[in-house]
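S.K.: Residue numbers (this note's numbering), protein chains in the order written: chain A, 409 to 487; chain B, 2 to 615.
Take these hints with a grain of salt, some might be off.
Stretches of chain B that chain A covers, calculated by requiring three or more beta carbons in the stretch to come under 8 Å of a beta carbon on chain A [unchecked claim]:
id	region
1	55-69
2	99-113
3	182-189
4	219-229
So these bits of chain B aren't anywhere near chain A, every CB distance computed over 10 Å [what the hints assert, rightly or not]:
id	residue
5	E83
6	Q143
7	H209
8	Q261
9	V284
10	A310
11	G425
12	A437
If you're looking for bench data, these hints aren't it; they were derived computationally from the structure. Ideal Cβ positions, reconstructed from N, Cα and C, are used throughout, including at glycine.
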Amino acid sequence: MTLDLLEPGQAARITAVHWDVLVEEEARRLRALGIDDGAKVRVAHRGVFGGRDPIALAIGRMTVAVRRAHAAAMEVELL
Amino acid sequence: MSKPRKIALVGNPNAGKSALFNALTGARQKIANYPGVTVERKSGRMVLPSGEPVEMTDLPGSYSLDPTSPDEAVTSKVIRGEFPGESAPDALVVVLDASNLEQHLVFAQEIIALGKPTVVALNMVDLAERDGLVLDPAALEQALGVKVVPTVAVRRRGLAELAEAVASAEMRHPGPGLTSLSMVERRVAAHAMADAAILSESKRHRLHARLDRVLLHPWIGPLILFALLFLVFQAVFAGATPFSDALEAGVAALTGLVTQHVPPSLARDLLTDGVLSGVGAVVVFLPLIVILFFFILTMEASGYMARAAFLMDRMMAGVGLSGRSFIPLLSSFACAIPGIMATRSITDPRDRLTTILIAPLMTCSARLPVYAVIIAAFIPAKAVWGGIGLQGLVLFALYVAGIVGAMVVALILRRSVTKGAASGFIMELPKYQMPAVKDLAIGLWQRAWIFLRRAGTIIFTVTVVLWLLLNFPRAHEGQNQVDASIAGKLANGLAVVVEPIGFNRDMALALIPAMAAREVAVSSLATTYAVAASDDENAQAMALGDQLKSRWSLPTALAFLAWFVFAPQCMSTIAVTRRETNGWKWPAFMLAYLFGLAYVFAGLTYWTAVALGL
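Chain A with its partners taken away, still in its complex shape (with noise of 0.2 Å):
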């Protein structure tokens, strides 16, 4: 299952990231806010109008806007 698949409350843990399909630069950039394997994250916010973009993730005190692109490349088991 992948990150872009939760509803908002959801809880879960990155098993994998596809890094390959993502920007070098995004990738770097996410890696840098602790999005990353092994990290504990929660869907808090999703889209606006009913729409599934962009996300918004909890992540220990923090929140990180994504991109469901982003979110699709995350490999996650549900906690």
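Please arrange chain B on chain A, whose structure you already have, making use of the hints.
M.R.: Okay, now just chain B, sitting in the frame of chain A:
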């Protein structure tokens, strides 16, 4: 006298670095650009407890020394002493957000590993306490091997201790291994350090989670944003008017004084017609810019701006941009120059370039005088559809035309000249905070000063040059000065080009000085029509309106409005684009495409109006 030692503030974005910088240095800051790049260099003076003055710089926020944006590249190079013309800082202050230790300690370790004299400011400890976090700075000090000082920048807490620590910070030899840690290892270490430093953590409901539930709500959130933007624009235009009027009156009074006390001469004309009217026409927009920036800075300092970017991301994605472009475009409604400068926070270079190129299409405040004069003269003040004024509707339509134009252009650019991978949107949403009055005041002062300096340099120069072009060579007896001048001859040439879109020679003549700034078009038309000199600008505008009505047809007036929706008539915007894109290629492209659009749409408007028999 030796040069003062240099101290640099470094840390993650949203660590409260700027607030700490303001608290440490006060309002005496120097803002410039790092040479060759367009990243702002903020520096100020601070006095250590020993009485030694030091130069403090505020480096752009970064997540790592491995840069992903131009801002971060500057931080990385300056810290390593690799930035040309910029000596390496003698000591570093790493700013950490106390309630975000686990994230911020990753970059902090990277900095500390460099071995430079370093002090850690454990900032915003009050907010951490509010969140129910109790921290142990000593444990953190132990783990990091450098002095850790708890601070609350906005309340000036811990500043003296921090200065003390900076004064006594020394070179260290980082333990073996520390320097070669990978990002993953640092993250594991950061987790352990944060765990050790957090004494207790209560599960108190955090304020920002509750606020986000409303402000980021998929339906309520955007509605609140739109309502807020509507209020901001109302406040900007309503609030600025009395101040602008007062400034206008001031300029008029000054002109009157000069006319009264200086004997008539070319020099006096230069002072009144050139300098005072030209620079004055721009300075009256100062209140508008200050009020708009008050809202923008408040939205930024409170943490709401990142939410606005989140809410707008989906819409911006529709034209190939991201939520990050929203902030610069919003600023561009006041003036494209701060808007273009604000694009620096956009990480993707193609995104950034696209945003720069479309920023001039947002209806800036300089277009308002032009719109106001033409609308007042040609659009009847009657109500349509139950109470909505036709004049207001036309003004609104001009704004919408600019926005729609910008979106269509962005869509086309992202599929052609700025083609590339779909841009992403990765952005930290900072915690909500009460903005500190002092930080707002410093921010506003800086914007106002940048604006005034521009008026005093670029606009001053251009105005004088244009005045010279309009006044030389001198007219013979019985000849009109405008006809005889270089500008008049240029206008004759230009008139041939703009006649097909319904413009007359007077309009062509107004377009030349309006290259300096759009609003100059109004005063140029006024001069050209030799309106009886009046110190009251309102009376002048009224008289000009009557003149226009008798000399222009309605299709011509509408074409003139359409022209100004698109035309890139602002030297400063072109200049700032050149600076921000490091070359003439993109400003040239911007000029070409905007003039192209202006010409086509003015023509379309003119011929459609003629065909409709207006």
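S.K.: Against this structure, judge whether each hint is valid.
M.R.: Structure-based check of all given hints:
With 4 residues having a Cβ less than 8 Å from any Cβ of chain A, the region 55-69 of chain B passes the three-residue criterion, so the hint holds. Evaluation of the coverage hint for the region 99-113 of chain B: fulfilled, as 6 residues show C-beta separations to chain A shorter than 8 Å, against a requirement of three. For the region 182-189 of chain B, the stated coverage by chain A holds: 3 residues have a C-beta nearer than 8 Å to a C-beta of that chain, and at least 3 were required. For the region 219-229 of chain B, the proposed coverage by chain A is satisfied: 4 residues have a C-beta within less than 8 Å of a C-beta in that chain, meeting the threshold of three.
A cut-off of 10 Å between C-beta atoms confirms that E83 of chain B is not in contact with chain A; the least separation is 19 Å. Interface exclusion of Q143 of chain B from chain A stands, the closest Cβ pair being 22 Å apart, more than 10 Å. H209 of chain B, annotated as away from the interface, has a beta carbon of chain A within 10 Å; the closest lies near 8 Å. At roughly 60 Å from the closest C-beta of chain A, the C-beta of Q261 of chain B stays outside 10 Å, upholding its exclusion from the interface.
Consistency note on V284 of chain B: stated as away from chain A, and its beta-carbon is indeed over 10 Å from all of that chain's, at 39 Å minimum. For A310 of chain B, the shortest C-beta to C-beta distance to chain A comes to about 8 Å, within the 10 Å cut-off, and the non-interface label is violated. With a least CB separation of 5 Å from chain A, G425 of chain B falls inside the 10 Å interface cut-off, contrary to its annotation. Every CB of chain A is more than 10 Å from the CB of A437 of chain B (nearest about 22 Å), matching its label as outside the interface.
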